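Engineer: Sequence lines, in order, name chains A and B.
Okay, so the first sequence: first residue is 26 according to our numbering, each after it adds one.
Okay, so the second sequence: first residue is 26 according to our numbering, each after it adds one.
Heads up, some of the hints might be wrong.
Identical chains blur together in the list; that is why a pair holds if it fits in one copy or across any two.
Straight line, CA to CA, 20 Å or less: simulated SDA-like cross-link-like pairs of lysine to any residue [to be verified]:
#: 1; residue 1: Lys91; residue 2: Glu122
#: 2; residue 1: Lys77; residue 2: Arg126
#: 3; residue 1: Lys102; residue 2: Met76
#: 4; residue 1: Lys102; residue 2: Ser60
#: 5; residue 1: Lys102; residue 2: Ala48
#: 6; residue 1: Lys77; residue 2: Asp125
#: 7; residue 1: Lys77; residue 2: Lys92
#: 8; residue 1: Lys77; residue 2: Asp35
#: 9; residue 1: Lys77; residue 2: Gln108
#: 10; residue 1: Lys102; residue 2: Glu117
#: 11; residue 1: Lys91; residue 2: Gly58
#: 12; residue 1: Lys77; residue 2: Ala42
#: 13; residue 1: Lys91; residue 2: Val131
#: 14; residue 1: Lys102; residue 2: Tyr116
#: 15; residue 1: Lys91; residue 2: Ser62
#: 16; residue 1: Lys115; residue 2: Gln100
#: 17; residue 1: Lys102; residue 2: Asp125
#: 18; residue 1: Lys115; residue 2: Leu34
#: 19; residue 1: Lys91; residue 2: Leu34
To be clear, the hints were calculated from the coordinates, so they are not data collected in a lab.
This one's a predicted model, so the numbers in the text were calculated from it and none came from an experiment.
Protein chains: 2
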Amino acid sequence: MVNFQSPVLDRTFAALADPTRRALLARLDEQGGVSVSDLARPFPVSLPAIMKHLDVLSDAGLVTRKKVGRTVTCQLKAEPMEQAMNWLAKYERYWTEQLDRLAAFVEDDSWQANPASPSSAASKRRPKRSTKPGPSRKK
Amino acid sequence: MVNFQSPVLDRTFAALADPTRRALLARLDEQGGVSVSDLARPFPVSLPAIMKHLDVLSDAGLVTRKKVGRTVTCQLKAEPMEQAMNWLAKYERYWTEQLDRLAAFVEDDSWQANPASPSSAASKRRPKRSTKPGPSRKK
Chain A
26 MVNFQSPVLD
36 RTFAALADPT
46 RRALLARLDE
56 QGGVSVSDLA
66 RPFPVSLPAI
76 MKHLDVLSDA
86 GLVTRKKVGR
96 TVTCQLKAEP
106 MEQAMNWLAK
116 YERYWTEQLD
126 RLAAFVEDDS
136 WQANPASPSS
146 AASKRRPKRS
156 TKPGPSRKK
Chain B
26 MVNFQSPVLD
36 RTFAALADPT
46 RRALLARLDE
56 QGGVSVSDLA
66 RPFPVSLPAI
76 MKHLDVLSDA
86 GLVTRKKVGR
96 TVTCQLKAEP
106 MEQAMNWLAK
116 YERYWTEQLD
126 RLAAFVEDDS
136 WQANPASPSS
146 AASKRRPKRS
156 TKPGPSRKK
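Isolated chain A, as found in the complex (with noise of 0.2 Å):
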């Protein structure tokens, strides 16, 4: 049997799963210690649709929520994303080999198409004395 359990992992995974959410992180990592009603102003979707979505984010452990007086203000906590991220860096590989594949590639198509390049380029460089007629020894 496989041991896989994460329950980090799996609130960090389904918390980021919204765009609202993904949004809303994003908002409150420009501007710290934002009240609920200033960050729900540019969304199109009421104010306890936020809420619900700020309580999923709290649950998750990415936003800390802080009341002073009559206004709550949100702050973002980014920790809970270093697991994650550290669960997708297993797969890295995966698209930088594919990457690396396109580049050789690119590289070997271009060497096909002018295979002299390298030496063509380099006798470009080169003052054409060998086909310049130059005096003759003989004479």
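With chain A fixed as given, assemble chain B onto it according to the hints.
Structural biologist: Just chain B, lined up with the frame of chain A:
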């Protein structure tokens, strides 16, 4: 209004929010081209449940399925994870800065506990010539 739509991120994060699905991807990473029944074997869930998880992974573009004869084999396609990792990378400074602060605190703390430590450590490495009474030049 904030533009925050990204169906690829929605599907990728949602697919990764389940521990069984993450474990399926980990198994496919270890052994590419596994049949569905082989893939399902170590999991304490039914084959239909595994099939549903594979549907979610397939919709997210994280798994491809291929039928050869009567056997369906699965293959990992990790590329959609790249966008998810790039999204998370924007927040990386939060936990790296925290680590830097911790390292600075530990360094500062050990310095305060033994302020003369760098020089005293150096003097311990040096042969104790000055403490040994050497031959006096006045003799």
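Engineer: Out of the numbered hints, which ones does the structure contradict?
Structural biologist: The structure breaks hints 1, 2, 6, 9, 13 and 19; every other hint is satisfied.
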